[in-house]
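Using my numbering, the letters of the sequence shown correspond one by one to residues 324 to 374.
Worth double-checking, as some hints may not be accurate.
The calculated SDA-like cross-link candidates involving lysine to any residue, where the alpha carbons are at most 25 Å apart (straight line), are [unchecked claim]: (1) Lys355 / Tyr332; (2) Lys355 / Thr334; (3) Lys355 / Glu344; (4) Lys355 / Glu333; (5) Lys355 / Pro327; (6) Lys355 / Ile335; (7) Lys355 / Ser340; (8) Lys355 / Pro343; (9) Lys355 / Leu329; (10) Lys355 / Thr339; (11) Lys355 / Glu342; (12) Lys355 / Ala338; (13) Lys355 / Gly341; (14) Lys355 / Asn328; (15) Lys355 / Ala345.
Since the hints were derived computationally from the structure, they do not count as laboratory data.
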Amino acid sequence: MGNPNLLPYETIVRATSGEPEAVDEVLRHYSKRIRIPAIENGLIDREPRTA
324 MGNPNLLPYE
334 TIVRATSGEP
344 EAVDEVLRHY
354 SKRIRIPAIE
364 NGLIDREPRT
374 A
């Protein structure tokens, strides 16, 4: 039932409420998607961006 590649809804709810274990699980799940945009011209862009 459901897509096995998605995080459980309960995990997302716990992460948005600030539960550290759930936040870690979300970061682990999306680590590749987070890391790829941080790479610029073959180098890791370590400068923080502000909106």
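Here's how the hints hold up against the structure:
Using a Cα cut-off of 25 Å, the hinted pair Lys355 and Tyr332 holds, with the two alpha carbons roughly 20 Å apart. Of the supplied pair hints, the one linking Lys355 and Thr334 holds, its CA atoms being roughly 19 Å apart against a limit of 25 Å. Simply put, Lys355 and Glu344 have alpha-carbon atoms about 19 Å apart, close enough for the 25 Å limit, and the pair holds. Between the alpha carbons of Lys355 and Glu333 the distance comes to roughly 22 Å, so the proposed pair stays at or under 25 Å and holds.
For the hint pairing Lys355 with Pro327, the CA-to-CA distance comes to about 17 Å; that is within 25 Å, so the pair holds. Distance hint between Lys355 and Ile335 is fulfilled; the C-alpha atoms sit about 18 Å from each other, no more than 25 Å. For the suggested pair Lys355 and Ser340, the alpha carbons sit about 23 Å apart, so the restraint of at most 25 Å is met. For the suggested pair Lys355 and Pro343, the alpha carbons sit about 20 Å apart, so the restraint of at most 25 Å is met.
Our distance criterion of 25 Å between C-alpha atoms is met by Lys355 and Leu329, whose separation comes to about 14 Å. About 20 Å separates the Cα atoms of Lys355 and Thr339, which keeps this hinted pair within 25 Å; it holds. Between Lys355 and Glu342 the alpha-carbon distance is near 22 Å, which keeps this suggested pair within the 25 Å criterion. For a cut-off of 25 Å, the pair hint linking Lys355 to Ala338 stands: about 18 Å separates their Cα positions.
For the given pair, Lys355 sits about 22 Å from Gly341 by alpha-carbon distance, which is consistent with the 25 Å threshold. As the CA atoms of Lys355 and Asn328 are separated by approximately 14 Å, the hinted pair is consistent with the 25 Å bound. Under the criterion of a C-alpha separation no larger than 25 Å, the hint pairing Lys355 with Ala345 is consistent with the structure, at around 17 Å.
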